[in-house]
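Let the hints inform the model, and build the full structure from the sequences given.
Protein chains: 2
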Amino acid sequence: MSAPAAPPAIVLVEPQLGENIGTVARAMLNCGLTDLRLVRPRDGWPNPKAVAAASGADLVLETAQIYETTAAAIADLGYVLATTARLRDMLKPVVTPRAAAAALRSREAAGTRCGILFGPERSGLVNEDVGLADAALTVPLNPAFTSLNLAQAVLLIAWEWRVAADTTPAERLTYDETAPPADKAKLLNLFEHLEEALDAAGFFRVEAKRPAMVQNLRALFTRAALSEQEVRTLHGVIVALSGLRKGGGPA
Amino acid sequence: MSAPAAPPAIVLVEPQLGENIGTVARAMLNCGLTDLRLVRPRDGWPNPKAVAAASGADLVLETAQIYETTAAAIADLGYVLATTARLRDMLKPVVTPRAAAAALRSREAAGTRCGILFGPERSGLVNEDVGLADAALTVPLNPAFTSLNLAQAVLLIAWEWRVAADTTPAERLTYDETAPPADKAKLLNLFEHLEEALDAAGFFRVEAKRPAMVQNLRALFTRAALSEQEVRTLHGVIVALSGLRKGGGPA
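Respectively, the protein sequence lines represent chains A and B. Yeah, the first sequence ends on 271 if you go by our numbering, and it's all consecutive. Yeah, the second sequence ends on 271 if you go by our numbering, and it's all consecutive.
Keep in mind that the hints are not guaranteed to be accurate.
[Unchecked claim] When the alpha-carbon atoms are kept at most 25 Å apart in a straight line, the in silico BS3-like pairs for lysine-lysine are as follows:
no., chain 1, residue 1, chain 2, residue 2
1, A, LYS69, B, LYS69
2, B, LYS112, A, LYS206
3, A, LYS204, A, LYS112
4, B, LYS112, A, LYS112
5, A, LYS204, B, LYS266
6, B, LYS229, B, LYS266
None of these hints come from the bench; they were simulated from the model.
Shown next as structure tokens:
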């Protein structure tokens with residue numbers, strides 16, 4: 021087993037605006053990428069406009085490497101993707117950002133260093149550079165408006181790479197130590213308190229409808245995923261409105 | 021069955037920079053969203069800097085609605101998410117962008133209009149606005165560098181919403197009408213041509229190793245997913261290198 025490879029390199033071919041290089045660095049670091057490679061940046065390097073736009077992602081700019089050719093920039097990589105709006109006159113696999121993220125992760129797990137090529141802002145990658153890549157990567161956007169800023173393109177792809185190994189729970193509730201979720205006994209106790217108070221107030225006028233109404237109320241409060249504190253608060257609400265403590269006694 | 025609802029509204033609460041409103045509009049339209057709502061934009065509305073930054077997403081800016089309060093901006097919505105870096109002193113579900121996209125899509129399919137709240141650039145949403153939402157949405161970025169531009173935050177979330185219903189094949193090959201994929205008979209014919217030429221050239225010196233070497237060569241060319249045109253080209257390559265046409269005759 022090889023050790024997993026480092027995160028993918030981002031290779032900008034002939035980037036024009038220093039500001040875009042800076043916002044690319046920021047998007048990279050947001051997603052945990054740090055290996056930035058620049059092929060013939062138009063305005064030279066270092067570029068103060070890049071630093072100003074990086075919003076603190078200086079680490080990425082300081083360690084960026086400069087290359088004369090795309091071939092030199094990817095020489096040490098084993099798997100390379102080329103971002104393109106459309107592929108002309110070339111038979112090559114075309115992958116979505118999500119499929120690209122899975123492909124990158126599986127190769128990195130096998131110890132293969134990977135990289136992603138981005139072309140100049142206006143024109144995109146030339147065919148010769150796309151030809152160097154193992155696959156083309158196209159972002160399926162609104163067909164009526166596909167114009168994506170360079171840093172936005174880097175962000176979407178770096179984001180998909182990051183999420184592919186992210187373990188954040190899809191949904192969680194922010195219970196803290198002082199307000200843990202109520203257990204089912206406490207919840208049942210609350211339901212009974214409410215139902216006693218409603219019985220005493222004559223709420224269930226039609227006895228035949230009582231079971232369904234009770235079920236609906238219980239479902240509502242179960243869906244709310246109450247904390248212990250909230251259960252105590254609701255007992256207080258019932259007492260305040262009805263004057264009835266749990267067990268039927270006056271408050 | 022209700023008709024599916026329109027795509028989610030993007031609600032910017034007290035956005036400061038016109039430029040950010042413009043780049044938000046661009047990110048929205050990239051992903052097919054058009055319902056932009058602004059609550060007390062700092063520099064008034066309309067804002068020429070927003071138009072300059074929208075890079076052609078004028079439609080979104082022209083139809084943007086202005087509100088005095090967050091409550092008014094979301095009054096017609098049935099499900100609302102609030103973007104926050106962290107949730108303080110509030111018991112609420114917290115979802116990832118991917119889980120949010122699934123939640124939005126399922127509610128939209130049931131005809132529920134949805135929206136996503138974004139706070140001012142520096143300070144984020146106040147607790148009172150988060151409290152209006154059904155769930156909080158947090159983007160799990162590199163913990164060492166979570167600073168995300170407003171338009172980048174909108175882009176990531178709008179992207180996840182778009183991908184959740186995107187039908188683009190994860191991977192495809194760009195065969196065209198003039199170069200369809202070769203069928204297996206054509207491929208087998210190519211293999212036999214190559215193996216005849218290699219036999220004639222004495223390539224398989226150790227007969228015991230021949231089956232494995234043949235398998236490896238066949239695997240390599242199968243993995244390349246050749247087009248019909250490429251099969252013809254490779255027949256030509258074999259003839260050129262070996263002087264041997266298919267069937268063993270001289271070229």
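Now the hints, each set against the structure:
Straight-line distance between C-alpha atoms of LYS69 (chain A) and LYS69 (chain B) comes to about 20 Å, which keeps the hinted pair within the 25 Å bound. With a C-alpha separation of about 20 Å, the suggested pair LYS112 (chain B) and LYS206 (chain A) falls inside the 25 Å cut-off, and the hint holds. Restraint check for LYS204 (chain A) and LYS112 (chain A): the C-alpha separation of about 57 Å exceeds 25 Å, so the hint is violated. At most 25 Å may separate the alpha-carbon atoms for a hinted pair to count; LYS112 (chain B) and LYS112 (chain A) exceed this at roughly 47 Å.
Restraint check for LYS204 (chain A) and LYS266 (chain B): the C-alpha separation of about 78 Å exceeds 25 Å, so the hint is violated. Distance check on the hinted pair: LYS229 (chain B) and LYS266 (chain B) sit about 23 Å apart at the alpha-carbon level, within 25 Å; holds.
Hints 3, 4 and 5 from the list above are not met by this structure, while the remaining hints are.
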